Amino acid sequence: MLNIETTIRKITNSVEAIISCELTAKVDVKFQIIKIDAIIVLPPVRITLFAHAANWKELRDRVSTEYQDGTK
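First residue of the sequence shown: 262, per this note's numbering; consecutive thereafter.
Hint data in this document are derived by calculation from the structure and do not stem from the laboratory. On a predicted model such as this, the values are computed, not experimentally measured, just so you know. Note that beta-carbon positions come from the ideal geometry of N, C-alpha and C, so glycine has one too. Careful, some of the hints might be misleading.
With beta-carbon atoms standing in for the labels, derived distance ranges [stated by the list, open to error]:
no.: 1; residue 1: Ala299; residue 2: Lys271; range: 14 to 24 Å
no.: 2; residue 1: Met262; residue 2: Asp298; range: 11 to 21 Å
no.: 3; residue 1: Asp298; residue 2: Arg270; range: 20 to 30 Å
no.: 4; residue 1: Asn316; residue 2: Ile265; range: 20 to 30 Å
no.: 5; residue 1: Asn274; residue 2: Lys318; range: 31 to 41 Å
Under the rule of at most 27 Å between Cα atoms (straight-line distance), these lysine-lysine pairs were calculated in the DSSO-like manner [stated by the list, open to error]:
no.: 6; residue 1: Lys291; residue 2: Lys271
no.: 7; residue 1: Lys318; residue 2: Lys287
no.: 8; residue 1: Lys291; residue 2: Lys318
no.: 9; residue 1: Lys287; residue 2: Lys271
no.: 10; residue 1: Lys296; residue 2: Lys271
no.: 11; residue 1: Lys318; residue 2: Lys296
Between the sequences and the hints, there should be enough to build the whole structure, so can you do that?
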């Protein structure tokens, strides 16, 4: 798992986040925005990230643990 920080900035009526090239994100790729409490998840549109619970167990467990113990 890669852990990179970014800052969200206001641009007119929207906000933007700079995504590091370390993530190998491609320009013009569409992402779905999923917000769980204060957590934002950006899976590519072609992937149904939450279709099967087993596919996101690691993310869910990590977010739950960090959120509960106050590390995030």
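Tested hints:
1. With their beta carbons about 18 Å apart, Ala299 and Lys271 fall inside the hinted range of 14 to 24 Å.
2. Checked against the given bound of 11 to 21 Å, the beta carbons of Met262 and Asp298, roughly 19 Å apart, stay inside it.
3. Checked against the hint of 20 to 30 Å, the pair Asp298 and Arg270 passes, with Cβ atoms roughly 22 Å apart.
4. Asn316 and Ile265 have their C-beta atoms about 22 Å apart, which keeps the hinted 20 to 30 Å range intact.
5. In this structure, Asn274 and Lys318 meet the distance hint of 31 to 41 Å, their C-beta atoms being roughly 37 Å apart.
6. For the given pair, Lys291 sits about 20 Å from Lys271 by alpha-carbon distance, which is consistent with the 27 Å threshold.
7. The suggested pairing of Lys318 with Lys287 holds, with an alpha-carbon distance near 26 Å, which does not exceed 27 Å.
8. Straight-line distance between C-alpha atoms of Lys291 and Lys318 comes to about 23 Å, which keeps the hinted pair within the 27 Å bound.
9. Annotation: proposed proximity of Lys287 to Lys271 holds, straight-line Cα distance about 22 Å (limit 27 Å).
10. With a C-alpha separation of about 18 Å, the suggested pairing of Lys296 with Lys271 holds against the 27 Å cut-off.
11. Among the hinted pairs, Lys318 with Lys296 is consistent with the structure: their alpha-carbon atoms are about 16 Å apart, no more than 27 Å.
This entry satisfies every hint, going by the numbered hints stated previously.
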